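All chains should be modelled from the sequences, with the hints used to inform the complete structure.
Chains as they are written, first to last, in the working numbering: chain A, 1 to 235; chain B, 1001 to 1407.
Accuracy of the hints is not assured; some may be wrong.
Claimed, not checked - Straight-line Cα separation of at most 27 Å, DSS-like style, residue types lysine-lysine; simulated pairs:
hint : chain 1 : residue 1 : chain 2 : residue 2
1    : A       : Lys13     : A       : Lys220
2    : B       : Lys1191   : B       : Lys1360
3    : A       : Lys141    : A       : Lys101
4    : B       : Lys1132   : B       : Lys1191
5    : A       : Lys13     : B       : Lys1399
6    : B       : Lys1399   : A       : Lys101
7    : B       : Lys1393   : A       : Lys101
8    : A       : Lys13     : A       : Lys214
9    : A       : Lys125    : A       : Lys101
10   : A       : Lys125    : A       : Lys141
11   : A       : Lys13     : A       : Lys72
12   : A       : Lys72     : B       : Lys1399
Worth flagging that the hints you see were computed from the coordinates, not collected in a lab. All values derive from a computational prediction rather than experimental measurement.
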Amino acid sequence: MTGQTLMTLTDIKKSYFNAEIETPVLHGINVTINRGEFVAIMGQSGSGKSTLMNILGCLDTPTSGSFVLNGKEVGTLNDNELAQIRNETIGFVFQGFNLLKRMPLVDNVALPLLYAGVSMAEARKRATEKLTQTGLGAFTKRLPNQISGGQQQRVAISRALVCEPALILADEPTGNLDTTTSVEIMNLFTRLNEEQGMSILIVTHEPDVAKYAKRLVRLKDGYVTYDGPVADAHL
Amino acid sequence: MNIFQVFLEAFRAMSMNRLRAGLTMLGIIIGVGAVVLMLAIGESVREDINRRISAMGSNVMVIFPGSSTSNGVRAGRGVVQTLTLQDAQAIGQLPSFSGVAAIVQQPFQVASGTTNWNANVSGVTPEYFSIKDWNTELGSLFGEVEIRSASRVAVIGRTVASNLYGEADPIGQTIRIRNRPFEVIGVLENKGSDLGGGDQDDAVFVPLTTARQQLIRWGQPGSIHYALAQAASASQVQDAIYDASQLLRTRHRVRDDQEDDFTIRDLASIAEAAQGIATALTLLLGAIGSISLLVGGIGIMNIMLVSVTERTREIGIRMALGAKRRDVLLQFLTEAVVICVCGGALGVLFAYLGSLAITKLSPMEVGISMTGIVIAFSFSALIGIFFGLYPAKRAAALKPVEALRYE
Ligand SMILES: Nc1ncnc2c1ncn2[C@@H]1O[C@H](COP(=O)(O)OP(=O)(O)OP(=O)(O)O)[C@@H](O)[C@H]1O
Ligand SMILES: [Mg+2]
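Structure (structure tokens):
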């Protein structure tokens, strides 16, 4: 599996339109990411990192350019096919965790499985397994506001993993966490990448966090200014 | 997601905001409760009217003397102006009639021992009871023998029996009317009130001949207050009316240019009018209930729209996790339907309690029918779908990124 092409971006452009005024954000991104890669995306605030992540996660569509994921041109897919990709192929981790407040942790983690058509009992079983793997087996019945931020992010990662996706997309996953907790989270990502060969893309502002990745893509004002091994970059 | 999970989610969403769900539901509870109760009241009024109509006897018409002209001027000087027992008997011979009864009546004080009661005393021919399909609850009716011999016997209604004798058996007792003793030979079964609301059981019946000779000295001998005639069948009612008026015009020697000196009133047409009023009443009450249901439905739509806006971010998260538009649509639609159906169930319950209260506190007997419940239920589910669809569609149409970015 490792080494095969996971996604190819060719001349991806993205502009936002507000009241007919065009704001170009991405000016033609060309990146190829293989299976099993661990990539950090860095860049100044407003450089277009989140915009790019949303396109990669099939949450948003580029204004132009080609995005091929798993051999499929994403631009040609309909809403249901996109939903299926988000469900099966991609696991999201957000800066603000984005857990559903009123659901116990186990149901939060089980939700993607329910959308995949798995039965409630089976979904809960697998969710409990995933929570146990991330060290939260004791908290399955708690609500998100009854655990710490670091624990919430681990729940979010469990939820991202529960459908066994090929790719984890994490937009500033440690942005709301202290250094110790950030280290825990990054160790978790590293394990997933090294032991399970999962492809991981994270956006971060912190060089210490970026060091966990193997490859770095740096954005500036919508252009890629660096794409290479983390070790060679000036962080 | 299967439908069970969708329902579970809906219940969870409702339990998160109980007060809001409760208040929204209240609109539906009141609406459904009003519809069910109003329809039940309308239905009970209609049943009541139908009962009174069938108590009048079927295919029955009333014939009384005097023209129906409103100015009160009697036409035909010199002709026979009264209706007589012989007229009634002649009508009874017509093939379009199956029976005719002649009646005279006057209110009297009726006494038994030291107890008094004011009742309507009617002198009737025995056909009266068969036309009205009225039987005794105790004892028996009088027949031709008592008519011929002008016996002093009386058949009394339930109200009179209760007031004079209480729980005691009135059969064989003597009542005094105009100071003349009459033997009570029968008590009639309960018939309730007539269309006009008068108590039909507050009556004493004696043979026509006895009444004419000993109680009601009025007019010429043989004249009666009115006749009750029964057509041979429902389809013959109009023919019977025509036949009877031709016969009476001939017998009374009414000239062709003169108006009838009698009036024939078909009770079926009165009954139809009353039924029409009852139907209109039911519709009106139903409409009032429906308006409150509509208001409740708009409340649902309002709250669902607020809920969709509030939960935009949640919708975004769900979409990021793989929810299809259909899943989001179904989620919000189910929430609206669950609120409506729960509200509908409670509304039916309140309507049922209301009907019990009305039955207890008023003379009306209101019962909730199964059809009413089924209609109310399906209607409230429909309200949920109708008023939940627009908010749910708005939720499903959200773009994932924009929903996620919503604060
Ligand atoms: N919905 C939008 N409409 C218009 N402009 C937008 C919209 N979303 C983002 N932008 C603009 O696009 C640019 C890139 O935004 P983006 O969120 O991708 O930046 P970022 O690199 O993730 O920044 P940060 O590090 O602060 O998260 C910014 O200049 C921002 O103002
Ligand atoms: Mg960002």
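Which hints, by number, does the structure contradict? none
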